[in-house]
Amino acid sequence: MTNIDKHKNGDIPLVTYVSGPVVKASRGHILSMNEMVEVGTQRLVGEVIGLEGDTATIQVYEDTTGLRPGTEIIGQGMPLFAELGPGLIGHIFDGIQRPLTELQEKWGDFIQRGKVGSALSREKIWRFTPRLGQGEIVRSGQILGVVQETEAIEHKILIPPEVTGTIKKVAGPGNYTLEETIAVIETTGGRDIEIRLYHRWPVRVPRPYGKRQMPSEPLLTGQRVIDTFFPLAKGGTAAIPGGFGTGKTVTQHQLSKWADADVIVYIGCGERGNEMTGVLTDFPQLLDPRTQRPLIERTVLIANTSDMPVAAREASIYTGITIAEYFRDQGYDVALMADSTSRWAEALREISGRLEEMPAEEGFPAYLASRLAAFYERAGQVVTLSDLKGSVSLIGAVSPPGGDFSEPVTMHTKRFVQCFWALDKELASARYFPAINYLQSYSAYVKAVAPWWFEKTDPEWEKLRDEAVQILQEDAKLQNIVKLLGEEALPDDQRRILEGARLIKNDFLQQSAFDPVDTYCMPVKQFYLLKVIIHFIRRLKDVVDRRIPLFRAMELPVVEQIHRAKTSIEGEDTAPFQHILQDIDSQIDQLLARSQEARDVV
Amino acid sequence: MLSDKVESTSEKRMAGLEFIGLQKISGPLVIIEGISGVGFGERVELITARDEIRQGRVLAISEKAAVLEVFHGTSGLDQENTRVRFMGRPFEMIVSKEEVLGRIFTGLGMPLDGGPAPFRGEPRNVNGFAINPVARAYPEDFIQTGISTIDGMNTLVRGQKLPIFSGSGLPHNDLAIQIVRQARLLTEESSFAVIFAAMGVRHDEAEAFRQSFEESGVLNNVAMFLNLADDPTVERLIAPRVALTVAEYLAFEEGMHVLVILTDMTNYCEALREVATSKGEVPSRKGYPGYLYSDLASIYERAGRIKGRQGSVTQIPILTMPDDDITHPIPDLTGYITEGQIVLDRGLYQKGIYPPVNVLPSLSRLMSDGIGEGKTREDHRNISSQLYAAYANAKQVERLASIIGEEDLSTTDKRYFTFSREFENRFVRQDKDEDRSIFETLDLGWELVMMLPEKELVRVTPEQIEKYGKTAHTSHQE
Ligand SMILES: Nc1ncnc2c1ncn2[C@@H]1O[C@H](COP(=O)(O)OP(=O)(O)O)[C@@H](O)[C@H]1O
Ligand SMILES: [Mg+2]
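Residue numbers (this note's numbering), protein chains in the order written: chain C, 1270 to 1871; chain R, 1056 to 1533.
Hints are computed from structural coordinates only; laboratory data are not their basis.
Since the structure is predicted, the reported quantities are computational estimates derived from the model, not experimental observations.
Built from N, CA and C at the ideal position, the CB exists for glycine as well.
Some clues are possibly wrong.
Facing chain C, according to a computed beta carbon distance under 8 Å, are these residues of chain R, among others [said to hold, decoys possible]:
1. PHE1095
2. GLU1097
3. ILE1116
4. GLU1118
5. SER1271
6. LEU1274
7. GLY1390
8. SER1423
9. GLY1425
10. SER1440
11. ALA1447
12. ILE1459
13. ASP1463
Taking lysine-lysine and the DSSO-like style, the derived pairs with C-alpha atoms no more than 27 Å apart in a straight line are [unchecked claim]:
14. R:LYS1406 - C:LYS1752
15. R:LYS1362 - C:LYS1375
16. C:LYS1752 - R:LYS1119
17. R:LYS1362 - C:LYS1393
18. C:LYS1694 - R:LYS1362
19. R:LYS1450 - C:LYS1774
20. C:LYS1694 - R:LYS1450
21. C:LYS1810 - R:LYS1510
22. C:LYS1774 - R:LYS1510
23. R:LYS1079 - R:LYS1334
24. C:LYS1752 - R:LYS1450
25. R:LYS1469 - C:LYS1774
26. C:LYS1746 - R:LYS1406
27. C:LYS1694 - C:LYS1752
28. C:LYS1694 - R:LYS1334
29. R:LYS1469 - C:LYS1752
30. R:LYS1510 - C:LYS1746
31. R:LYS1450 - C:LYS1384
32. R:LYS1450 - R:LYS1469
33. C:LYS1683 - R:LYS1341
34. C:LYS1716 - C:LYS1746
Quick look at which bits of chain C chain R covers, simulated, 3 or more residues with Cβ under 8 Å [stated by the list, open to error]:
35. 1358–1371
36. 1440–1450
37. 1575–1581
38. 1627–1638
39. 1743–1756
Looking at chain C on its own, in the form it has when it is part of the complex (with noise of 0.2 Å):
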């Protein structure tokens, strides 16, 4: 039956109950679980998420302000899904997938409710150059053709999922609109079915690939506690807890601009409005480091701020990682940024209390640890239908009332995530940036990645990143010392840990994002940096050993040198470090012999 019947039939759900977001409608036998909605002559967007005897409930996207008993409410026979073809990328939308920019034109600055249009514009020409030919056979996943989308990203038209047969007629290189048929393919069944530029996915069900595997590449951040001590993996997930105003968003944006992916899918998860803009206003000048193209072209963007409607925060999540398999699927290495991950399980907090469901921790629903897992399990490295090489990596932030770590969602996450990026009240209060917590934080990478830091830097790359974190260690130990009887207490060659410690934390872990140069470091340049840093705390020994008072070592000229090589050496020349390891060894040299001079005249 189609709705136009049902209507006829007057047999159509009608709204009996509006609290809030959760709508619940009678005759529910008509519509099915998770099936979208319109809601109204105004066509709100919902989803059907329970159905018990013929009541259906549903979560409207939008406000429900007005909203009446009697409304009528149309099936729209099929799940909530996202549209997927030329026109993403660059383009920002909100959490089911409206298209931000053309509502701006259509009503303004302020955000209405209602439908509009679609998600990809249909007006818009694209240059299509196939890939297969009449006769081929072919089958889902497989590329169609391409679309050169941006300068840095050539669209692949895939045979949708589920679609295997024979190519009947393909159309040639040309021009073509989202609507326009560019293939019929004949089933084994004998049935024809049109391909057009975009197809639909419903955005709860992960796409099929051909199959997973280990994540083995560094996904190289240039921020250096990352990349260095808690790394990442293509095709990994990464979890950045921290209570407010601790660095999450400007990790995440960091990323954003600097990760060695080629689509980043960026969500703006009942965050702030400003934040939003400020991704659209830098993302056009900043350049890609690697293809030297602006950043916004190769990053969709999913808005559901603040104040938009809770349930589509709730959505807003499965739409990014949807588009984000989308990119994988044609063999790109996609990085998604979910800003934040708490809001999306408030939003299910909030929508499951409107349910009257029993609450497990803390009012958030029993379900909660499940979706997350199910979210996190999205991720990873896999062969895709077409036999290419594709990732998803998933960098959550999580925002725990009170920072404090030990509620529901930051130990869930915990649980699914292989990074943990633990920011840290204190050192974003002295306002020591990134505020990561080298003690808290892991990664479960760090072996997996560290064959590529040896072939593409140096064999000793994981040795001097072991050392380091060893004596960031020591350290920590040494400053419970220090906190009762202050460091003068402690002998020279504690103290000689104490310093270099210092300079670790300074003068490598320490990188302002807002530092021009500093902002990105390149794999080398971290390499170096830390062999230099390393390297000089080696060379104290000596002089720990000769007695001759550290102070002294920390006055020579070299320390000066070392503190400025982040923000000063530029570029993957590796001259200038030379240069400081040779300084460090003549001055240390001088530094001995001299007190051996001094020692003989005694």
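Given chain C, put chain R with the ligands in place with the hints provided.
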């Protein structure tokens, strides 16, 4: 009990539906059954037996019944004779420049100054609409408040939402008043307005604000919306929305730069909790509803600038942290939404320091775009960062000194110890009418960091030390 007569109201909007009799009265909520044609969120008027009108709105609606929230409270309502008029529209405020500025209203936007209710302008839904992020212009115009801890280290910019986190009895009002009085842009003068919304504050506090507006001769550019301590609590839920509706109008349609003071957001949140509890909702932390975050966001996000429009809405909400606890849900969720916070500290206050701003937990997220060359000064970011690093370290030294004694500190630590005192006494402390220029503030900052050994100054460049530090230092040497 159902009177289905349709009465026309005196207002120019559509006629309302009227019903008689309430099924249940519970706290600030009322349940009415046997109704139809009523929409979610619409405004209602409850008319008592004595023809007194109370405002309210629909919180939930089914085919048979509606749950109403009554802004003026339910005490004195009777079940049988109360009439409920459904207005068919959300809560609205009529906005125009002439009828609003220079006036005083209740939290619901009714005149308190004996003047007429605004009627010439357009009625606007007080809930407003979300600004499309595409339409926003990123705030970046430095506002000089003349207060060193703010200008130097937690810079306010036009269109920002920057709350004051205070504690009961701390001088947050004085600080807010000083900001309003001194706030100006370095570059231009332009038309401005101040919108003041009080939620549950004492009469004398509101009066202090009014007087200070009067004294500085800006009263004609001010609109006040007052819900005082003895006014109905539920009205607090509407007051900030009415105020922001006016602010948005003045900013985005009249091109004014609007500074909005919302005080005290803690009272607002308590009113929200009261309603939630009456509804029997499952609470999340400390009894506050799970949607407190979204609700607060619907207020705080109504700040900013819009591309192609003249004006701006800058918000300075004030809240008192229960028990001085910054992790309490009210400051916590606020901090998650606003673009920073200015935190007042009881310890500093007890030392007699005004304004008792503790810079360490304070933050301005929009600072980095509002400062630097061409805006304030090239060294601003670095000197600020250096002051943070030094003060944070100095606080640790103070802790150490309290254990081992000041005399046993190392020479460097001793310098930090003095730095801390000087920083609090000279940089943080200033008079209530002391209006420091940003350059005075930055120079003072340099003078203070130069008390430390030069090798400690790792956040500034040697060139900057030479240029700003050495001059500041020599000119003040004893
Ligand atoms: N890597 C960084 N470099 C410099 N400043 C930073 C960095 N990370 C955070 N900050 C500072 O901290 C402030 C708060 O960071 P933000 O990411 O907005 O916090 P959160 O999202 O955790 O609330 C920023 O406005 C910025 O001033
Ligand atoms: Mg953030």
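For each hint, the structure was consulted:
1. PHE1095: holds (4 Å)
2. GLU1097: holds (6 Å)
3. ILE1116: holds (5 Å)
4. GLU1118: holds (4 Å)
5. SER1271: violated (30 Å)
6. LEU1274: It is violated, given that the least Cβ distance between LEU1274 of chain R and chain C is near 30 Å, above 8 Å.
7. GLY1390: With Cβ-Cβ at 4 Å, under 8 Å, it holds.
8. SER1423: Cβ of SER1423 of chain R sits 5 Å from chain C, so the hint holds.
9. GLY1425: With Cβ-Cβ at 12 Å, over 8 Å, it is violated.
10. SER1440: holds (5 Å)
11. ALA1447: Cβ of ALA1447 of chain R sits 3 Å from chain C, so the hint holds.
12. ILE1459: ILE1459 of chain R check passes; min Cβ-Cβ to chain C is 6 Å, inside 8 Å.
13. ASP1463: Cβ of ASP1463 of chain R sits 7 Å from chain C, so the hint holds.
14. R:LYS1406 - C:LYS1752: holds (24 Å)
15. R:LYS1362 - C:LYS1375: holds (16 Å)
16. C:LYS1752 - R:LYS1119: violated (67 Å)
17. R:LYS1362 - C:LYS1393: holds (25 Å)
18. C:LYS1694 - R:LYS1362: violated (34 Å)
19. R:LYS1450 - C:LYS1774: holds (19 Å)
20. C:LYS1694 - R:LYS1450: Since the Cα atoms of LYS1694 of chain C and LYS1450 of chain R sit roughly 15 Å apart, the hinted pair holds (cutoff 27 Å).
21. C:LYS1810 - R:LYS1510: holds (21 Å)
22. C:LYS1774 - R:LYS1510: Holds. LYS1774 of chain C to LYS1510 of chain R sits at ~15 Å (cutoff 27 Å).
23. R:LYS1079 - R:LYS1334: holds (12 Å)
24. C:LYS1752 - R:LYS1450: Within the cut-off at roughly 12 Å; holds.
25. R:LYS1469 - C:LYS1774: holds (23 Å)
26. C:LYS1746 - R:LYS1406: Distance of about 34 Å is beyond 27 Å: violated.
27. C:LYS1694 - C:LYS1752: holds (19 Å)
28. C:LYS1694 - R:LYS1334: Given that 27 Å is the threshold and the Cα spacing comes to 36 Å, the pair is violated.
29. R:LYS1469 - C:LYS1752: holds (15 Å)
30. R:LYS1510 - C:LYS1746: holds (25 Å)
31. R:LYS1450 - C:LYS1384: violated (56 Å)
32. R:LYS1450 - R:LYS1469: holds (12 Å)
33. C:LYS1683 - R:LYS1341: Holds - the C-alpha atoms of LYS1341 of chain R and LYS1683 of chain C are around 25 Å apart, at most 27 Å.
34. C:LYS1716 - C:LYS1746: holds (26 Å)
35. 1358–1371: holds (count 3)
36. 1440–1450: Check failed, 0 qualifying residues.
37. 1575–1581: Contact hint for the segment 1575–1581 of chain C vs chain R: holds, 4 residues under 8 Å.
38. 1627–1638: holds (count 3)
39. 1743–1756: holds (count 6)
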